[in-house]
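Mind assembling these two chains? They're in different frames, but the hints should get you there.
Going down the list, the protein sequences come from chains A and B. Just so you know, the first sequence maps onto residues 0 to 275 in numbering that gives the first Met the number 0. Just so you know, the second sequence maps onto residues 0 to 273 in numbering that gives the first Met the number 0.
Hint data in this document are derived by calculation from the structure and do not stem from the laboratory. Heads up, some of the hints might be wrong.
Stated by the list, open to error - If we take Cβ atoms under 10 Å as the criterion, some of the chain A residues that face chain B in the derived model are:
(1) W29
(2) C92
(3) F101
(4) A123
(5) F179
(6) N208
(7) I214
(8) V226
(9) A256
What the hints assert, rightly or not - Label-pair ranges, simulated between beta-carbon atoms:
(10) A/M116 to B/L11: 14 to 22 Å
(11) A/L48 to B/Q239: 44 to 52 Å
(12) B/Q33 to A/G103: 33 to 41 Å
(13) B/I200 to A/E162: 33 to 41 Å
(14) A/T39 to B/L190: 34 to 42 Å
Glycine included, each C-beta is placed from N, C-alpha and C at the ideal position.
The primary structure of each chain is shown beneath.
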Amino acid sequence: MKTEKFSILGLICTVFTVILAIAWLFPVYWMAATSVKSETDTIVNPPILFPWPPNFDAFVYVIQNSPFFRWYLNTVITSVSVTVLCILFSLMCAYALSRLEFRGRQLLYVALLVGFMLPFATMAVPLFMFMTRLNFVNSFQGLIAPQVATPLAVIVFKQFFDEVPRDFRDAALIDGANDFKILFKIYLPLNWSIIWAMSIIIFIGAWNNFFWPLIVTNSTPMLTVPVGMTQVQSAYGVAFAKICATGVLASIPTAAAYLFFQKKVTQGVMAAAGLK
Amino acid sequence: MLIAPFVIFYVLFLVYPALQVVYLSLTNSDIAGQGRLVGLANYQELISDQDFWAAVAHTVYFVVLTVVPNTAVGFFLALLVTRLKRLRLPILSAFFLPYVLPVSVVTTTALWILDANFGIVNNLLGTNTAWFGDASWAMPFVAMVTIWWTVGFNMLLFIAGLQNVPAEYYEAAALDGANGFQRFLFVTCPLIWPVTSLVLILQLILQFKIFDQVYLLTFGGPSNSTTVVLLYMYREAFQQNRGGYASAVAMALVIIIVIVSVVQSRLLRIKRVT
Chain A
0 MKTEKFSILG
10 LICTVFTVIL
20 AIAWLFPVYW
30 MAATSVKSET
40 DTIVNPPILF
50 PWPPNFDAFV
60 YVIQNSPFFR
70 WYLNTVITSV
80 SVTVLCILFS
90 LMCAYALSRL
100 EFRGRQLLYV
110 ALLVGFMLPF
120 ATMAVPLFMF
130 MTRLNFVNSF
140 QGLIAPQVAT
150 PLAVIVFKQF
160 FDEVPRDFRD
170 AALIDGANDF
180 KILFKIYLPL
190 NWSIIWAMSI
200 IIFIGAWNNF
210 FWPLIVTNST
220 PMLTVPVGMT
230 QVQSAYGVAF
240 AKICATGVLA
250 SIPTAAAYLF
260 FQKKVTQGVM
270 AAAGLK
Chain B
0 MLIAPFVIFY
10 VLFLVYPALQ
20 VVYLSLTNSD
30 IAGQGRLVGL
40 ANYQELISDQ
50 DFWAAVAHTV
60 YFVVLTVVPN
70 TAVGFFLALL
80 VTRLKRLRLP
90 ILSAFFLPYV
100 LPVSVVTTTA
110 LWILDANFGI
120 VNNLLGTNTA
130 WFGDASWAMP
140 FVAMVTIWWT
150 VGFNMLLFIA
160 GLQNVPAEYY
170 EAAALDGANG
180 FQRFLFVTCP
190 LIWPVTSLVL
200 ILQLILQFKI
210 FDQVYLLTFG
220 GPSNSTTVVL
230 LYMYREAFQQ
240 NRGGYASAVA
250 MALVIIIVIV
260 SVVQSRLLRI
270 KRVT
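Looking at chain B on its own, in the form it has when it is part of the complex (with noise of 0.2 Å):
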């Protein structure tokens, strides 16, 4: 009875399509649903589709331009934040602020200060750079506006796990003579490992799903090249009306996203071993 609720919800909204997009892949089936069972054709047309894989190299571009380095800036900006005392809330809300706001916002700012004729950044620089309309700054970009964005979020991860090192190992350590920066590189970094693997892996999943940012700032342009996966998904469902190839299009990244967390997780967990 208390689980009925909830479970007719999961069923209906995401167990049955998660079971459905499997079988519209193997349909030709249009955007209402229409369509017959055409075994692995869409598969065999998505292996030869070099659109498709243009979309994975551009995904693949964007997670190497962010994973990473949104990890990287979050340990960075923790960091920053901890040593803190009475500045610490205000600073920390700075950085976390942008986290809130509804993408659209984030990208909306973004286009104004990036604007090419009127925005602050060209007028600082007294360029005239139509940023996201050049095909190699469009992508850095884009990472940059979601690193700018999401940050926060892994700063505070960072920072729970930096409260969680124990004072007295940094004494121990300053006691055997270690300076500020020794104490950092093998009390800190190693203590703060398992939230780093954390982080990276959250970060991974979540950066394949690039969408919004791009449907938004760019439209996967200039040239198709911020066309990343669920964009292509989005237009051969949407524009294409072809929902069985958009299906398989679908499968392609949960395949995607599989492999590549399966392979991460084994790295990061040799890494923590040795």
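With the rest of the complex left out, here is chain A (with noise of 0.2 Å):
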């Protein structure tokens, strides 16, 4: 394009940008003040927009008074295993779909294709039941199985391993190499930037799934954040800065995976989106 002149148009818009921007970063602003608030500044008219000095009552209380460093944990083990394990078997899946002949191969992909078009909370129902009878209800493996089991690793995966030149595999296969190994050695490597990409944004998705944790756990100790956080603010009654100091703790790792790997999660939600 022609190089930009200086006009008070475009001036006024970029203006109108950085305001809208402040507004819709603005909620999330509010949250944050408020949880370093005491509880009668939370309330007070007119309100306080820079609570300054920070005062940390609130998180200190909620870390005391509820299992919430409990629930921290479950979420992060549940997440890094269903990012690890979603990773690895749809790595394994995708080359096996764009590279080896079996039989049943099309109908493979097919029902992947199906099953991501279906909406996961139609199989709760069945799934609540499957999983009483295996005894994986207020379990790790209960939270964990079903997000394995999502097809849009696989999809996106096999995308991009059909574009790697099909030589390679050849030439690897007379050098006595193994699927697996090539696998590892040829196919991770060169696609290392999306299995990168699609793994932020998969450890995202389970650490926020809020619906299936909900549904397979319901004693206190095995909750995950987003469901328990709402379970301690329904006891807190009037008492905004708790329930904004929840909601702080909740965000700070989707939050920070999200500021520091922002090219990744764009990379990863454009695949997902099936634009590359």
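Printed below as a string of structure tokens:
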């Protein structure tokens, strides 16, 4: 495009965008600001826009008086396991779909595409019954297993593997490598970028998952952060600093993952939507 | 060998429940799975169940309030962001950040800033409205919170689409004397249409699955005005202990989604040709 000239209209547009972005973030700021106020300061009129010095009583209270730490641990274990298992299994499956001939290959791919369209929530009832029979209710197995069985990563990885020249595998086979080796020594490094991107997307999705943990856990020590925080909130009543403190604690991992790996998250989102 | 681990998980935890839901919808099972076949009785009950149809209507209302607005806002934000240079990344992050927050954080924040007595919105407006406690405001506010939370995703897709519009097209249009608005209307809009239709399709399927936000913001209230299909299914299954009937509700939702997305993709294709 031709070089941008300075224009009043452009400046107004930019200023508008900046104001809109600040307004967009305001609810997040307001949650964080409320969490470092004393309870009395949260309900004064006019509201205190910049709480200074910050008061961390609400955080101390939440951590000491609820199993928040335990829920954090549950959520870390769950979302890390889901990410590792889902990525690893998806890589293997995608490699086979892309490069190997086996009976039922076409059927499997169609089943994955159908499963991708199927709303997870509509399977919640039979899945819950199945979990009851396996004794997986209120367990990590129950939290993790259905989240591993999501076809998104397989579909994305297959598309990327399809673009790797077939000669690479043929040459490696002649050198005596097996398919495991070819996958992890050739295909994995070549597609490192998208694997990393999908890992972050799956981690964020698993950390934030609300619906499935709500269904499969009901004992307080097995809850995850997104479900558990709503329980303590209803117990707190009008205690906005504590309520917001739970929100801040719950957001740290995914917000940090996004801020540190912005480009990867963008790439993962594109791939998830079918745009490379 | 390579496919075994994934396929085992997939068959056990996705294919099996997907088939099971069809079977269960033909039984009078409780939530433990105890029951017997009753034929199409659940579906007959469903057709005359006014609460179910009310839930369908609320879901459609939510879809209307979100699909096109969320797409339009995403496009608008993408237009604002793509023309920036140095400010681009921080502004983009500001609009996208809510998307990575857990839904319960999003609803906690919404309930706090919209609180009837101490929320900052009512404070600024000088009112005392319980937005989520008012039958006519509740659903529009659930929709607004949803858009605030998820529009960043649509924005990213539109930004990618806008970047793919070749600069020469704009130059050619400018040489032909098209002004900025005309270039937008006759170059940007048609070339971005594939992305727009993709976003519309993704949105339509996504918004029919509305559950988390209403569960957390209103739990279907006030007076059931925000009870959507999946919330109705959840209550039938886990509060009324009717696994069979809840499965029929789930089947109905799948059928609705399939019909609507087929109709929509037909409509969008026709539009693309003309």
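Results for each hint:
Using the Cβ-Cβ criterion of 10 Å, the hint placing A/W29 at the interface with chain B is satisfied: the shortest such distance is roughly 6 Å. Hint on A/C92 holds. Least Cβ distance to chain B is approximately 4 Å, under the 10 Å limit. Hint status for A/F101 relative to chain B: holds, with the closest Cβ pair at about 8 Å, below 10 Å. Residue-level restraint check for A/A123 holds (minimum Cβ-Cβ distance to chain B is 7 Å; threshold 10 Å).
A hinted interface residue such as A/F179 counts as satisfied when its beta carbon comes closer than 10 Å to some beta carbon of chain B; here the least separation is about 7 Å, so the hint holds. A distance limit of 10 Å between C-beta atoms decides the matter here; for A/N208 the minimum to chain B is near 8 Å, and the interface restraint holds. Annotation: interface hint on A/I214 holds; nearest CB of chain B at approximately 7 Å, less than 10 Å. Because the closest C-beta pair between A/V226 and chain B is about 7 Å apart, less than 10 Å, the hint holds.
Taken as an interface hint, A/A256 checks out: its beta carbon lies about 7 Å from the nearest beta carbon of chain B, inside 10 Å. Checked against the hint of 14 to 22 Å, the C-beta distance between A/M116 and B/L11 comes to roughly 19 Å, which is consistent with it. Under the hint 44 to 52 Å, the C-beta atoms of A/L48 and B/Q239, about 47 Å apart, fit the expected range. The given range of 33 to 41 Å is respected by B/Q33 and A/G103, whose C-beta atoms sit roughly 34 Å from each other.
Restraint check, B/I200 to A/E162: a C-beta distance of roughly 25 Å breaks the suggested window 33 to 41 Å. A/T39 and B/L190 have their C-beta atoms about 56 Å apart, which leaves the hinted 34 to 42 Å range violated.
The structure fails to meet hints 13, 14 from the earlier list, while all remaining hints are met.
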